[in-house]
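Visitor: Please put together the full structure from these sequences, using the hints given.
Here the protein sequences come in this chain order: E and B. Residues in the first sequence are numbered consecutively from 316, following the working numbering. Residues in the second sequence are numbered consecutively from 316, following the working numbering.
Accuracy of the hints is not assured; some may be wrong.
Said to hold, decoys possible - Derived DSSO-like pairs: lysine-lysine, alpha-carbon spacing no greater than 27 Å straight-line:
no., chain 1, residue 1, chain 2, residue 2
1, B, 555, E, 595
2, B, 595, B, 585
3, E, 595, B, 497
4, E, 595, B, 511
5, B, 585, E, 514
6, B, 585, E, 525
7, E, 585, B, 595
8, E, 595, B, 514
9, B, 525, B, 415
10, E, 585, B, 525
11, B, 511, B, 525
12, E, 579, B, 497
13, E, 348, E, 511
14, B, 595, E, 511
15, E, 415, B, 555
16, B, 415, E, 579
FYI, nobody ran anything at the bench for these hints, they're computed from the structure.
There are 2 protein chains.
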Amino acid sequence: MGRKSVRQAFRVGSDVDLAAIDPRGRPIGPKDKSAAAAELTGLGAQLDDLQEALIAEASGGGPRSVLLVLQGMDTSGKGGVISHVAGLVNPQGLAIASFKRPTPQELAHDFLWRIRKRVPRPGQIGVFDRSHYEDVLVARVDGLVPEEVWRARYDTINAFESELDSQGVAIVKCMLHISPEKQQERLLARLDDPAKRWKYNPSDVDTRLKWPQYAQAYTDALRACTTDAAPWYVIPSDRKWYRNWAIAALLAETLAVMGPRFPKPGFDVKAERARVQAAKI
Amino acid sequence: MGRKSVRQAFRVGSDVDLAAIDPRGRPIGPKDKSAAAAELTGLGAQLDDLQEALIAEASGGGPRSVLLVLQGMDTSGKGGVISHVAGLVNPQGLAIASFKRPTPQELAHDFLWRIRKRVPRPGQIGVFDRSHYEDVLVARVDGLVPEEVWRARYDTINAFESELDSQGVAIVKCMLHISPEKQQERLLARLDDPAKRWKYNPSDVDTRLKWPQYAQAYTDALRACTTDAAPWYVIPSDRKWYRNWAIAALLAETLAVMGPRFPKPGFDVKAERARVQAAKI
Numbered sequence: 316m317g318r319k320s321v322r323q324a325f326r327v328g329s330d331v332d333l334a335a336i337d338p339r340g341r342p343i344g345p346k347d348k349s350a351a352a353a354e355l356t357g358l359g360a361q362l363d364d365l366q367e368a369l370i371a372e373a374s375g376g377g378p379r380s381v382l383l384v385l386q387g388m389d390t391s392g393k394g395g396v397i398s399h400v401a402g403l404v405n406p407q408g409l410a411i412a413s414f415k416r417p418t419p420q421e422l423a424h425d426f427l428w429r430i431r432k433r434v435p436r437p438g439q440i441g442v443f444d445r446s447h448y449e450d451v452l453v454a455r456v457d458g459l460v461p462e463e464v465w466r467a468r469y470d471t472i473n474a475f476e477s478e479l480d481s482q483g484v485a486i487v488k489c490m491l492h493i494s495p496e497k498q499q500e501r502l503l504a505r506l507d508d509p510a511k512r513w514k515y516n517p518s519d520v521d522t523r524l525k526w527p528q529y530a531q532a533y534t535d536a537l538r539a540c541t542t543d544a545a546p547w548y549v550i551p552s553d554r555k556w557y558r559n560w561a562i563a564a565l566l567a568e569t570l571a572v573m574g575p576r577f578p579k580p581g582f583d584v585k586a587e588r589a590r591v592q593a594a595k596i
Numbered sequence: 316m317g318r319k320s321v322r323q324a325f326r327v328g329s330d331v332d333l334a335a336i337d338p339r340g341r342p343i344g345p346k347d348k349s350a351a352a353a354e355l356t357g358l359g360a361q362l363d364d365l366q367e368a369l370i371a372e373a374s375g376g377g378p379r380s381v382l383l384v385l386q387g388m389d390t391s392g393k394g395g396v397i398s399h400v401a402g403l404v405n406p407q408g409l410a411i412a413s414f415k416r417p418t419p420q421e422l423a424h425d426f427l428w429r430i431r432k433r434v435p436r437p438g439q440i441g442v443f444d445r446s447h448y449e450d451v452l453v454a455r456v457d458g459l460v461p462e463e464v465w466r467a468r469y470d471t472i473n474a475f476e477s478e479l480d481s482q483g484v485a486i487v488k489c490m491l492h493i494s495p496e497k498q499q500e501r502l503l504a505r506l507d508d509p510a511k512r513w514k515y516n517p518s519d520v521d522t523r524l525k526w527p528q529y530a531q532a533y534t535d536a537l538r539a540c541t542t543d544a545a546p547w548y549v550i551p552s553d554r555k556w557y558r559n560w561a562i563a564a565l566l567a568e569t570l571a572v573m574g575p576r577f578p579k580p581g582f583d584v585k586a587e588r589a590r591v592q593a594a595k596i
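Guide: Now the structure itself:
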């Protein structure tokens, strides 16, 4: 018996109850910070090798890529994951897209317009820092569109993600699950550290006050859009070391299952060897 | 007396003689691989802090950014620098642009058209994997444009880089200097390792055979375009550990001299502290 799959351990079903998931939980994996650090080093090496094979495969015409979608309340650690997990791989193969409040031009288009432009190309590991899910989260909580509009988006999202899946994009959707107490602690820490203060935005408190509405919107989005083509993973994120380990492990397992392959050379290796050896300068 | 400046140690003047620079040289810095690895860890931490301050400064409206330009013959290590040096910083603040053979659309414009689109935005560390210098290197060696055209480009480049400098872009131009013997060794290694073979391109040998023409084109470009606004650095690159250390040290010194500053908060810290503490969920 091998180790339990990390994908299974974090995957949620269409009956998910966020309130029942402990933000300090540890359903699988290392017991403490030092064990997690040791595992992370190994995962970094694995990710490096797998990513190189993915890039190589694409150089030979392969269509496949990976898309990591990060969602979570302010301070849940989307930036930390990008720095500590995405930072483990070769930046040449990394494509990070940060979706902030849509511009007037973006609002003039369908909500997936700006998203489609940032889908990772073959060989890339794409990271979405927020995503099309904002269009069923903040858009709903702040009443930016009528209910029939955001409600119809669940199906649109599922169709879109299924299309990506069939094109060879392996989608890894992670909800970084923190407690409101941990958010308060982290907001205060940002205010107290002069080197972190620039990350604080007074509007974070306004959003925080809508916590129950966001919890409901997240629950409905997870339930409606956790599919076989693009499952949702809920990552206990009150402890940064656990969150980072979990997402690195999810990425590594996803890539290992994909099994990217080095392409066959499009040239005669022996003949090229001879050419290189003959090319004296 | 502090340590000698790494910028001074690698900077070349308008009389540079590439043939007189040893690709295994070590004008400054660590004596061996293990010393370089230890220094690189410290440089990584420094770069992290300085980059965070640069991003913070830009979030407050500051215009500054860094642009690392990488040029060098095939196998000189442009990709290795991106993976091992650019990989030290937070990928959220990194913008890598790889300039391959221009597309027909790009060729229909001035040679700087595609370059301008990829100039790093405020707060970013941009990396050019090849650059506008290809337009005075391959364009000259392969006779893609008449001599009067490529010759006029030196002035155009100097004016462009001076414009960037005055906009707040700190330009760090590195020529990765390898010997033809080392290139031969690395090309053979790519052919011999099935996991590296995909990086080999038969046209690399054709380019290799034009080594003397490239050496002349590089020399002329370095001489014409090493300016105070955007000096050229020649990095001995036969040893990967030295090359990576040197470029990390150059970047760290450049950022340290820039001295990016955290912006003053645009809100009342005490009042926000009270708001966060009152926001119970």
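Visitor: Run every hint past the structure and note whether it holds.
Guide: Evaluated hints:
Distance hint between residue 555 (chain B) and residue 595 (chain E) is fulfilled; the C-alpha atoms sit about 22 Å from each other, no more than 27 Å. With a C-alpha separation of about 17 Å, the suggested pair residue 595 (chain B) and residue 585 (chain B) falls inside the 27 Å cut-off, and the hint holds. With a C-alpha separation of about 12 Å, the suggested pair residue 595 (chain E) and residue 497 (chain B) falls inside the 27 Å cut-off, and the hint holds. For the proposed pair residue 595 (chain E) and residue 511 (chain B), the alpha carbon gap of about 22 Å is at most 27 Å, so the pair holds.
The hinted pair formed by residue 585 (chain B) and residue 514 (chain E) meets the criterion: a straight-line CA distance of about 16 Å does not exceed 27 Å. Proposed proximity of residue 585 (chain B) and residue 525 (chain E) is supported: the alpha carbons are some 22 Å apart, at most 27 Å. Note on residue 585 (chain E) and residue 595 (chain B): the hinted pairing is violated, with a Cα-Cα distance of about 70 Å set against a maximum of 27 Å. Of the supplied pair hints, the one linking residue 595 (chain E) and residue 514 (chain B) holds, its CA atoms being roughly 21 Å apart against a limit of 27 Å.
In summary, the hint linking residue 525 (chain B) to residue 415 (chain B) is supported, as the alpha carbons are separated by about 19 Å, within the 27 Å threshold. Distance restraint check for residue 585 (chain E) and residue 525 (chain B): the Cα-Cα separation of roughly 22 Å lies within the 27 Å cut-off, and the hinted pair is therefore satisfied. Between residue 511 (chain B) and residue 525 (chain B) the alpha-carbon distance is near 24 Å, which keeps this suggested pair within the 27 Å criterion. A distance of roughly 26 Å separates the Cα atoms of residue 579 (chain E) and residue 497 (chain B); the hinted pair therefore holds under the 27 Å criterion.
In summary, the hint linking residue 348 (chain E) to residue 511 (chain E) is supported, as the alpha carbons are separated by about 23 Å, within the 27 Å threshold. Restraint check for residue 595 (chain B) and residue 511 (chain E): the C-alpha separation of about 22 Å stays at or below 27 Å, so the hint holds. A C-alpha spacing of about 39 Å is found between residue 415 (chain E) and residue 555 (chain B), which places the hinted pair above 27 Å, so the restraint is violated. For the hint pairing residue 415 (chain B) with residue 579 (chain E), the CA-to-CA distance comes to about 23 Å; that is within 27 Å, so the pair holds.
The structure fails hints 7, 15 (numbered hints given earlier, in ascending order).
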